[in-house]
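Visitor: Residue numbers (the working numbering), protein chains in the order written: chain V, 4 to 168; chain G, -12 to 119.
One should not assume that every hint holds.
[As the list claims (entries may be wrong)] In silico DSS-like links for lysine-lysine, alpha-carbon gap of 27 Å or less:
no.: 1; chain 1: G; residue 1: Lys33; chain 2: G; residue 2: Lys(-1)
no.: 2; chain 1: G; residue 1: Lys(-1); chain 2: V; residue 2: Lys51
no.: 3; chain 1: V; residue 1: Lys51; chain 2: G; residue 2: Lys108
no.: 4; chain 1: G; residue 1: Lys85; chain 2: G; residue 2: Lys108
no.: 5; chain 1: G; residue 1: Lys65; chain 2: G; residue 2: Lys87
For the record, the hints were derived by calculation from the structure and aren't laboratory data.
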Amino acid sequence: MKDQEVKVKLSEVLCRVLEQVTFAFSEPVSDTGKVDPAAEPFIEVTLKYWGASSGRVLLILPLSLSRQLGASMLGLDPDADDSADTQADAAKEIGNIMTGQMLTAVYGPRAVFNMEAPVVRELTAEEFFSILDGHQYVCNMVEGRPVIAVFVEAEGVHERQSTHR
Amino acid sequence: MAYNILIVDDSKTMRSVLMKTLSMSDLKLGEVYVAENGRDALDKLKEHWVDLVMTDLNMPEMTGLELIEKMAADGMLKSTPVIVISTDGSAERIDYLKQKGVRDFIRKPFTPEGIAEAVTKVLGVTDEGPRS
């Protein structure tokens, strides 16, 4: 699978997971030029995987959007539970589901993977741009706010779908 | 007959979603217990009678797979039905889990209907109650 095909898969998976898990409709955008990571706090969810291949998937989104998506998952008012723990937990679960779906989409249904528990941290604007620089990523907009998925394969690992079916 | 169910997932959000999904179904629920990982689940299973375990796989401390293996090796717990609910969708892993006695596998994201159908099937519930 070529890099462009991986990006298409990543975008499809991100759209589908956001819709099915959080009931949020998202629209893919071609670049992140209008995203200002200094305007509000952003968080990054990291999921490392290994097995048929290895690498990590990152999910980056504004903290406020994570809170909104988490509330949608639970059918709650977004202000009902404002704890940082709850906000991060929803983002972790979205990242977890997205990574599982992404690995199947890229490597095929027979490839076996293990995943580490997701890790969440807040990003600075500098970190935001350095992560996107040089990696494959897609950006979908949810109500004008970005949700970015980054796919980072470990170096030297290029076995994809055709070798694992 | 009301059924006691144990939900095992390290995500507080997912535990809440599953509890809500079960409460909205037509199932006659008794107690719904929750555990954050396999070790916590084993403690709950020692404390309470549970008719069905619904577990995630990727969890810290003790994974769902380790929980399933420990249940299979325990004379008291090996007959307790287990449904796995996970992001992991590998056909090989699903085959392995079924060899270990897992009764059904649901991939995240799931639908409420999918959860209700799997629980109903595994518990053998009919409109008249449990099958004998």
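Visitor: Work down the list of hints and note, for each, if the structure agrees.
Guide: So, going through the hints one by one against the coordinates:
The hinted pair formed by Lys33 (chain G) and Lys(-1) (chain G) meets the criterion: a straight-line CA distance of about 22 Å does not exceed 27 Å. Restraint check for Lys(-1) (chain G) and Lys51 (chain V): satisfied, since their Cα atoms lie roughly 20 Å apart, inside the 27 Å limit. Distance check on the hinted pair: Lys51 (chain V) and Lys108 (chain G) sit about 34 Å apart at the alpha-carbon level, beyond 27 Å; violated. Proposed proximity of Lys85 (chain G) and Lys108 (chain G) is supported: the alpha carbons are some 15 Å apart, at most 27 Å.
A hinted pair counts as satisfied when its Cα atoms are at most 27 Å apart, and Lys65 (chain G) with Lys87 (chain G) qualifies at roughly 10 Å.
The structure shown violates just one earlier hint, number 3.
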